[in-house]
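Those sequence lines, one after another, are chains A and B.
FYI, the numbering for the first sequence is 0 to 327, going by numbering that gives the first Met the number 0.
FYI, the numbering for the second sequence is 0 to 289, going by numbering that gives the first Met the number 0.
What the hints contain is simulated information worked out from the structure, not anything from laboratory work.
Please note that a few of the clues may not be correct.
[What the hints assert, rightly or not] Derived Cβ-Cβ restraints for the label pairs, each shown as a range:
1. B/P88 - A/A192: 25 to 35 Å
2. B/G60 - A/V25: 50 to 60 Å
3. B/R121 - A/G75: 43 to 53 Å
4. A/L273 - B/L6: 33 to 43 Å
5. A/W238 - B/L271: 21 to 31 Å
Cβ coordinates follow ideal geometry from the N, Cα and C atoms, glycine included.
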Amino acid sequence: MKSFTPIAIVIAGLAAVPLLVHSNVVLNFFVVALMIALAGQGWNILGGYGGQYSFGHAIFFGSGAYVTAILQVKYGVNAWPAFGCGIIAGAVAGTAVGWLAFRAGLRGSYFALVTLAFAEVLRIVASVAPITGAGVGTLVKLDLSFASLQFESRAAFYWLILALVSVALIVTWAIERSRFGAWLTAVRENEEAARALGVDAVAVKIGAMVISGAITAAAGCFYVQYFLFVDSHIAYGAWISIEALLTPIIGGAGTIFGPLIGALVVKALGEAALVVTGEAPGLDLVVFGVVLIVVVGFAPRGIGGLRTTLLTKIKRGLGGGTAEVRRG
Amino acid sequence: MLSPVILIPALLNGLLTGAVYALVALGLTLIYGVLHIINFAHGALLTAAMFAAYFAFTVLGIDPYLAVFIISPLFFAIGYALQRFVIGPASHGEDRNMLLVTLGLSVVIENALLFGFRADTRTIDVPYAFSTIDLGFTYLAVPRLVGFVAVFVVALALWLIMSLTDIGRAIRAVAKEKFGAQLAGIDVAHVYAVTFGLGTACVAIAACLLMPTYYVNPSAGNAFVLVAFTIVVLGGMGSVPGAVLGGLVIGVVESLSSLFLGDSLGQVGIFLIFIAVLLVRPQGLFGAKA
Numbered sequence: 000m001k002s003f004t005p006i007a008i009v010i011a012g013l014a015a016v017p018l019l020v021h022s023n024v025v026l027n028f029f030v031v032a033l034m035i036a037l038a039g040q041g042w043n044i045l046g047g048y049g050g051q052y053s054f055g056h057a058i059f060f061g062s063g064a065y066v067t068a069i070l071q072v073k074y075g076v077n078a079w080p081a082f083g084c085g086i087i088a089g090a091v092a093g094t095a096v097g098w099l100a101f102r103a104g105l106r107g108s109y110f111a112l113v114t115l116a117f118a119e120v121l122r123i124v125a126s127v128a129p130i131t132g133a134g135v136g137t138l139v140k141l142d143l144s145f146a147s148l149q150f151e152s153r154a155a156f157y158w159l160i161l162a163l164v165s166v167a168l169i170v171t172w173a174i175e176r177s178r179f180g181a182w183l184t185a186v187r188e189n190e191e192a193a194r195a196l197g198v199d200a201v202a203v204k205i206g207a208m209v210i211s212g213a214i215t216a217a218a219g220c221f222y223v224q225y226f227l228f229v230d231s232h233i234a235y236g237a238w239i240s241i242e243a244l245l246t247p248i249i250g251g252a253g254t255i256f257g258p259l260i261g262a263l264v265v266k267a268l269g270e271a272a273l274v275v276t277g278e279a280p281g282l283d284l285v286v287f288g289v290v291l292i293v294v295v296g297f298a299p300r301g302i303g304g305l306r307t308t309l310l311t312k313i314k315r316g317l318g319g320g321t322a323e324v325r326r327g
Numbered sequence: 000m001l002s003p004v005i006l007i008p009a010l011l012n013g014l015l016t017g018a019v020y021a022l023v024a025l026g027l028t029l030i031y032g033v034l035h036i037i038n039f040a041h042g043a044l045l046t047a048a049m050f051a052a053y054f055a056f057t058v059l060g061i062d063p064y065l066a067v068f069i070i071s072p073l074f075f076a077i078g079y080a081l082q083r084f085v086i087g088p089a090s091h092g093e094d095r096n097m098l099l100v101t102l103g104l105s106v107v108i109e110n111a112l113l114f115g116f117r118a119d120t121r122t123i124d125v126p127y128a129f130s131t132i133d134l135g136f137t138y139l140a141v142p143r144l145v146g147f148v149a150v151f152v153v154a155l156a157l158w159l160i161m162s163l164t165d166i167g168r169a170i171r172a173v174a175k176e177k178f179g180a181q182l183a184g185i186d187v188a189h190v191y192a193v194t195f196g197l198g199t200a201c202v203a204i205a206a207c208l209l210m211p212t213y214y215v216n217p218s219a220g221n222a223f224v225l226v227a228f229t230i231v232v233l234g235g236m237g238s239v240p241g242a243v244l245g246g247l248v249i250g251v252v253e254s255l256s257s258l259f260l261g262d263s264l265g266q267v268g269i270f271l272i273f274i275a276v277l278l279v280r281p282q283g284l285f286g287a288k289a
């Protein structure tokens, strides 16, 4: 995307939501959807643009969440710097995991596995380590004031998460236009070719993981400020790893708006499933899984890229056999 | 602490536990060896098979050891159908897509089970669950001994299928050179589906062997799947002897590390081995190349 206008329009449109909607339930829906969109935007930079599919983005979400919570509760740090430290923790975790995994040459299945394993190790460690509150979790003290980054109104929280999402959108937009972004997509499309042209693939992938980790960690920091609680299942559980990859894939991986579209669709479907089944757990996730398979199978560009997908299909249909010949 | 009275039973028990791990890992490594993807739905399929064994016992009154002969063909068919009609078509031959589709399947299966049966933990009650054999210096649990023998029977059966049958030859051909096999007239989609079916049948056998002594709930399979990943990585992706040996090694490591470190950290030991092997020697201890 060349122009900045669509991003500005989307941000302005979303900023107006609390002015039009006053229901706390609806606002809560948007806050959670934007939080997932933020986590997904982090995944999108590494997975969507860089082609490195992480199955363990909980590493970053959880590290951000725990650092924010522990600094406030155990060390009495103010919420604002704690939030910043949480984001830095995500970047550090990204550097560490990226450095280990990419220097060892892991990709594809292996990379997915090692990220999954890191998230699982952290989950087990966090569930027994005293500093995280072990099995009990960590509660952040309720103190509704601007200074402690807690707000009485949902709208204020909404604008906070929207601001974070906006920054992530702009970062993604900047990456897309930059030389770094070009290297990253080159590595995704054909790593050997990119190397042959002088791209330092390992450095590019680590760089993407640092940015990716920082953005997803910001979602974790926000989670703590919003819900004032974190435990090992929330922080490092499989749910966030899955949602962080689900949203960009469904919305359109490697596109600026993919995670945002995906998060809104996924959360809306989840709500719809809850309405249908009442309190019975599980069905919303069944729906997510089915949507994931259907999107991978029929809309490889995600919902955001549905138009392009359909147009190519129609063109290929009109072109008849030629497309097949070219592919063979 | 290192007295042989404690150490030897721990070693033996580790070997017996490792056998069931190896069985789960066999299915995973078989699928990896041919399709070159990691089946992230493996754990969910294990859970599904455990539920099948549970209901075969509680509803139909079939002993898990007999149910093997019904459930493993059934899961072969399920695995075949999943690969042929879901995973294959949806992933358009791209590895990344296969990862996502198997992940999607695992989410669907696990949560469909959660939706259907809730999070309750269930067990079955068989008369031989606690029977043991006295070796003089220690006791061995009979159900685990059965599992230990079964893993070698299954590994042998797989080896016979691979080396003697036409489909086995076709599978080996596809694993080596997919395009060449296709040119020689092998139906690659069929071979993929048969392989996936065999892998799923392994998981079904493991489930039936586990049920007499283990419990089932919608996430029961997860406890095994990361261990199975570790074994497969340790033994070399795609290597059947590697999976058997890796399984036994991991069983012993787990048994010994829970002896020395306590139960909750025993698992961390496994994952640290896993990460270390992935980073240092991703081709595995017994694998030839990545």
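Now for the hints, and whether the structure bears them out:
1. B/P88 - A/A192: 25 to 35 Å: This hint holds: roughly 29 Å between Cβ atoms.
2. B/G60 - A/V25: 50 to 60 Å: holds (52 Å)
3. B/R121 - A/G75: 43 to 53 Å: holds (47 Å)
4. A/L273 - B/L6: 33 to 43 Å: violated (52 Å)
5. A/W238 - B/L271: 21 to 31 Å: holds (24 Å)
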